[in-house]
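In order, the protein sequences belong to chains A and B.
Residue numbers for the first sequence follow the numbering used here, beginning at 655 and rising by one.
Residue numbers for the second sequence follow the numbering used here, beginning at 63 and rising by one.
Wrong hints could be hidden among the right ones.
What the hints assert, rightly or not - Simulated crosslink set (BS3-like; lysine-lysine; CA at most 30 Å straight-line):
#1 B:Lys103 <-> A:Lys655
#2 A:Lys655 <-> B:Lys117
#3 A:Lys655 <-> B:Lys76
#4 B:Lys128 <-> A:Lys696
#5 A:Lys722 <-> B:Lys128
Everything labelled a hint here was simulated from the structure, so no lab data went into it.
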Amino acid sequence: KQEVTQIPAALSVPEGENLVLNCSFTDSAIYNLQWFRQDPGKGLTSLLLIQSSQREQTSGRLNASLDKSSGRSTLYIAASQPGDSATYLCAVMNYGQNFVFGPGTRLSVLP
Amino acid sequence: GAVVSQHPSWVICKSGTSVKIECRSLDFQATTMFWYRQFPKQSLMLMATSNEGSKATYEQGVEKDKFLINHASLTLSTLTVTSAHPEDSSFYICSARPRGSSYEQYFGPGTRLTVT
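Required output: the full structure, derived from the provided sequences and hints.
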């Protein structure tokens, strides 16, 4: 059974810092991995999708990497801003084509 | 494109009553829809997968008689929480997979259910 963990559970940083969020999964036979953002009481916003054959994806200040063999992904946020404050969820899609979500990292960027 | 809506966005009901949540794909046909539940400060847990025109597949531990799922058309799935209890209070999120896609999922904005 696929299990997804995320470290740290919570993170508070001053504005402008670069930061890294970590995601680990137990079964490397994944179809893809996706990073989402969730604001309090809201739905999910897709940030980056990495197919199993890819190593990384970039969008603006965000960069996500995938090391399938070691079961790890990182989300790098450059030059963080207060508007980046949210919960970041890592989700792995297995070949059953269902998402398994991690518990999330709650990020606070202080002005 | 690829917008998924949910209605209502929030609902309060009394213990023992039933409440229906709708999930609609607005600009695409969805052969598969997924229902997730999220408790406060926890992650999303898949409850069930529904395919248009067939019975939903429930995850282990989810009571199918309590959480009734109907996927009657290619753009609409409904989740009915029957005989709701306070412990059913949660954030329910649906997602929809477009017809012909093997992996895409687009998420709705969620429905906050509070059972008093």
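Against the structure, the hints:
Our distance criterion of 30 Å between C-alpha atoms is met by lysine 103 of chain B and lysine 655 of chain A, whose separation comes to about 23 Å. Between lysine 655 of chain A and lysine 117 of chain B the CA atoms are separated by roughly 24 Å; this keeps the pair inside 30 Å, and the hint holds. For the proposed pair lysine 655 of chain A and lysine 76 of chain B, the alpha carbon gap of about 36 Å is over 30 Å, so the pair is violated. At most 30 Å may separate the alpha-carbon atoms for a hinted pair to count; lysine 128 of chain B and lysine 696 of chain A meet this at roughly 25 Å.
Under the criterion of a C-alpha separation no larger than 30 Å, the hint pairing lysine 722 of chain A with lysine 128 of chain B is inconsistent with the structure, at around 38 Å.
This entry does not satisfy hints 3 and 5, going by the numbered hints stated previously.
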